[in-house]
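Colleague: Just so you know, the protein sequences line up as chains Y and P, in that order.
Residues in the first sequence are numbered consecutively from 1, following the numbering used here.
Residues in the second sequence are numbered consecutively from 1, following the numbering used here.
Think of the hints as simulated: they come from the structure by calculation, not from any bench.
Each hint should be verified, as a subset may be incorrect.
Here are some of the chain Y residues that sit facing chain P, going by a computed Cβ distance under 7 Å [as the list claims (entries may be wrong)]: (1) Ile67; (2) Pro69; (3) Cys103; (4) Asp104; (5) Lys107; (6) Glu111; (7) His120; (8) Gln123; (9) Gln126; (10) Asn127; (11) Tyr136; (12) His199; (13) His332; (14) Thr333; (15) Gln342.
Far from chain Y, some chain P residues (derived; all Cβ distances over 12 Å) [unchecked claim]: (16) Gly47; (17) Ile76; (18) Lys145; (19) Gln223; (20) Glu377.
Here a beta-carbon is modelled for each residue, glycine too, at the ideal position from N, C-alpha and C.
Protein chains: 2
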Amino acid sequence: MSLAIIEKLAALSDKNLMDIEKAKEEGVKVAGLYCLYAPVELVVAAGAIPVSLCGTRNEPIAAAEKILPRNLCPLIKSSFGFAVTDSCPFFHASDLVIAETTCDGKKKMFELLKAYRPVHVMQLPQNQEPDKALPYWRRQIELLKERIETEFKVEITPEHLSAAIRTMNRERLALKDLMDQAKGRPSPVSGLELLTIKHRLSFLINKEEVWALLQEATEEIRQRALKGESQFTESSPRILLTGTPVGLGSEKVLRLIEESGANVVVMENCSGYKKAFRVEENGDPLGAIAAQYLQISCSCMSPNPGRYEMLGRLIEEFQVDGVIDLGWQACHTYLIESHTVQKFVEDNYQLPFLQIETDYSDADSERLRVRIEAFLEMTGQ
Amino acid sequence: MSLAIIEKLAALSDKNLMDIEKAKEEGVKVAGLYCLYAPVELVVAAGAIPVSLCGTRNEPIAAAEKILPRNLCPLIKSSFGFAVTDSCPFFHASDLVIAETTCDGKKKMFELLKAYRPVHVMQLPQNQEPDKALPYWRRQIELLKERIETEFKVEITPEHLSAAIRTMNRERLALKDLMDQAKGRPSPVSGLELLTIKHRLSFLINKEEVWALLQEATEEIRQRALKGESQFTESSPRILLTGTPVGLGSEKVLRLIEESGANVVVMENCSGYKKAFRVEENGDPLGAIAAQYLQISCSCMSPNPGRYEMLGRLIEEFQVDGVIDLGWQACHTYLIESHTVQKFVEDNYQLPFLQIETDYSDADSERLRVRIEAFLEMTGQ
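Make the full structure from the sequences, and use the hints.
Modeller: Here it is, written out as structure tokens:
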């Protein structure tokens with residue numbers, strides 16, 4: 001009952017790396033991206049290849065801790081560790097790394113990363129007010145455009161940008177369709193399967209192929225649902241996982257939840273539903289990009305109203321039975337915001353809420369399993 | 001051989017609190033400030049009382065940890081703990097708290113603080129580029145002015161602002177004079193004495209009195225020097241303490257350094273030399289305030305060139321023998337920047353460098369003492 005698409009994606013990994021190498025030999029430029037705030041449309045519009053940079057594995061963290069403090073988010077340490085050990089092929093291939101001042105740890109890590117690759121840091125405002133923060137952010141988008149144009153020796157026209165917006169909207173819509181399959185009751189797909197598909201796809205560079213594969217994945221899951229196949233039952237607890245991003249290598253909590261018999265039907269995070277936005281296709285493309293990206297509801301924003309709006313919507317649409325808020329160790333913004341998220345979930349939806357702070361290691365797995373199992377009993381499913 | 005000014009300042013504390021109470025009864029408004037980035041001139045220009053808010057004591061931290069993560073900077077936890085336990089008389093008296101997005105922890109803590117007092121959050125840019133960050137910051141200064149005017153029902157005129165700039169420049173110059181007394185060799189004043197004077201003065205509300213007391217303190221220390229009195233010798237190691245701010249209650253590291261026979265001759269931090277700036281007195285006062293405050297070289301800035309400029313200058317002017325970099329637990333920006341500071345100090349000045357990460361508790365005091373003593377042997381004094 002395993003998904004054929006997952007096998008297919010695993011097999012594409014090597015070919016994808018060779019495609020990057022070949023493109024580079026032909027003079028195509030590569031830009032590495034860490035964060036959802038990095039406007040991928042500008043890279044696509046430049047005719048360059050956007051690549052996601054590695055940051056979800058535990059292995060490179062020891063190397064990072066020789067320079068960075070140990071008491072830091074594993075995502076930052078993993079990203080930096082991949083860079084200093086030159087073990088992420090996408091970082092290795094990057095002609096430019098697009099970074100942004102989302103959090104204290106990343107902001108200062110990027111200063112050190114400049115020793116390894118050209119890094120362009122976007123100054124992200126810390127709130128989303130259209131009249132005050134947006135013009136500042138819009139200027140940052142323009143500066144990134146100028147940097148890419150200089151660095152890659154290209155001109156990014158409004159037409160290129162509009163085309164890139166349409167390409168990315170099409171991909172994001174297909175991604176949303178895929179994630180929405182889990183609305184079925186029971187869901188025909190596990191959170192771990194969805195994560196695996198999304199994670200593997202995020203490294204593929206051919207946008208046409210990514211779009212086709214997203215549709216193929218969605219179709220395969222839809223067929224499963226039509227056949228009434230599911231590893232869950234109507235009474236499996238349906239969990240919304242919120243908080244910090246999750247990928248393969250850092251899927252510990254998601255895995256423990258599903259091993260305990262529940263189903264992560266939706267992730268309100270940067271590896272999940274936050275990705276599924278739409279940029280306005282009409283009018284000034286740079287302005288549309290600036291406006292939409294600034295609305296991404298990361299806890300680095302103060303205040304961060306969009307998170308509650310999305311949480312409420314997803315709780316209802318996915319018929320959620322409980323909310324688990326994952327905060328990576330020392331990620332101050334998500335860990336503090338958890339207090340308000342808990343209040344929101346309990347007061348407005350009377351749902352059980354669990355906060356988990358952890359890192360990428362397996363040291364606390366059994367302790368977390370006990371906590372998660374106890375929590376799932378509270379969902380009343 | 002203790003300083004009479006320190007006794008005098010201790011005795012003024014109760015009177016100062018009564019002065020605040022009396023002023024409030026007469027309708028004078030009070031604004032609480034946590035951080036050097038909060039432009040005190042605007043409060044003075046409004047005819048209101050600016051007060052420093054408590055955040056240097058360990059006692060209220062337990063109360064804060066009921067809401068905030070334990071793995072957070074003690075300064076933030078202490079500040080929040082004072083607020084939730086209503087045990088800081090200055091917070092209690094504040095009609096408005098002026099806050100700013102300096103770091104992740106404070107930024108998100110301020111969201112929770114709004115349940116206790118009106119809080120105005122200034123959006124601080126994360127770098128200092130005059131053409132890009134300054135206009136944004138200037139607008140934030142204007143917004144603060146508007147908020148104070150609305151909240152306190154006053155009008156802040158350019159004349160008020162210019163007068164406030166002169167008042168504060170006079171105070172900051174007197175503060176610099178005081179700190180400069182430690183340039184003597186041996187220094188006639190200990191780092192702990194200077195810290196005690198500055199800490200106590202920072203809570204006094206009468207600007208004329210503060211100015212007079214600063215001069216009185218400086219004169220008393222100058223007299224000591226004339227008499228050749230000092231608790232140090234020509235060979236006492238002269239230490240520059242950099243990093244996170246220090247106050248009474250959080251002076252552990254400073255105290256351990258001086259108990260080990262060295263002399264903290266200068267602090268490159270927000271409780272020390274960073275305070276001694278000067279705002280341009282001519283031209284547009286709001287613009288001058290914006291420009292000068294944006295130059296404060298906190299590690300929240302990326303990059304933070306001013307810190308190296310000031311470090312180099314102070315190392316030379318104060319004939320420093322070693323640099324100790326204090327980072328509060330989980331203060332990501334200072335703790336990561338320490339890597340670059342160490343390189344700067346070692347490469348440019350061939351001075352020994354020690355990084356210390358700690359909190360307000362005494363749990364690690366003896367371990368720190370051993371490390372500090374070993375470090376001081378490396379200063380070659």
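Colleague: With reference to the structure, classify each hint as holding or not holding.
Modeller: How the hints compare with the structure:
1. Ile67: holds, 6 Å
2. Pro69: holds, 4 Å
3. Cys103: Interface hint status for Cys103(Y): holds (6 Å vs cutoff 7 Å).
4. Asp104: holds, 4 Å
5. Lys107: Holds: closest Cβ of chain P sits about 5 Å from Lys107(Y), inside 7 Å.
6. Glu111: Holds - the Cβ of Glu111(Y) comes within 7 Å of chain P, reaching about 6 Å at its closest.
7. His120: violated, 13 Å
8. Gln123: holds, 6 Å
9. Gln126: holds, 4 Å
10. Asn127: holds, 6 Å
11. Tyr136: holds, 5 Å
12. His199: Result: violated, 26 Å to nearest chain P Cβ.
13. His332: holds, 4 Å
14. Thr333: Holds: closest Cβ of chain P sits about 5 Å from Thr333(Y), inside 7 Å.
15. Gln342: violated, 11 Å
16. Gly47: holds, 27 Å
17. Ile76: Nearest chain Y Cβ is 9 Å from Ile76(P), so the label is violated.
18. Lys145: Given a closest Cβ separation of 14 Å, the condition holds.
19. Gln223: Holds, since 44 Å exceeds 12 Å.
20. Glu377: Answer for Glu377(P): holds, closest chain Y Cβ roughly 25 Å.
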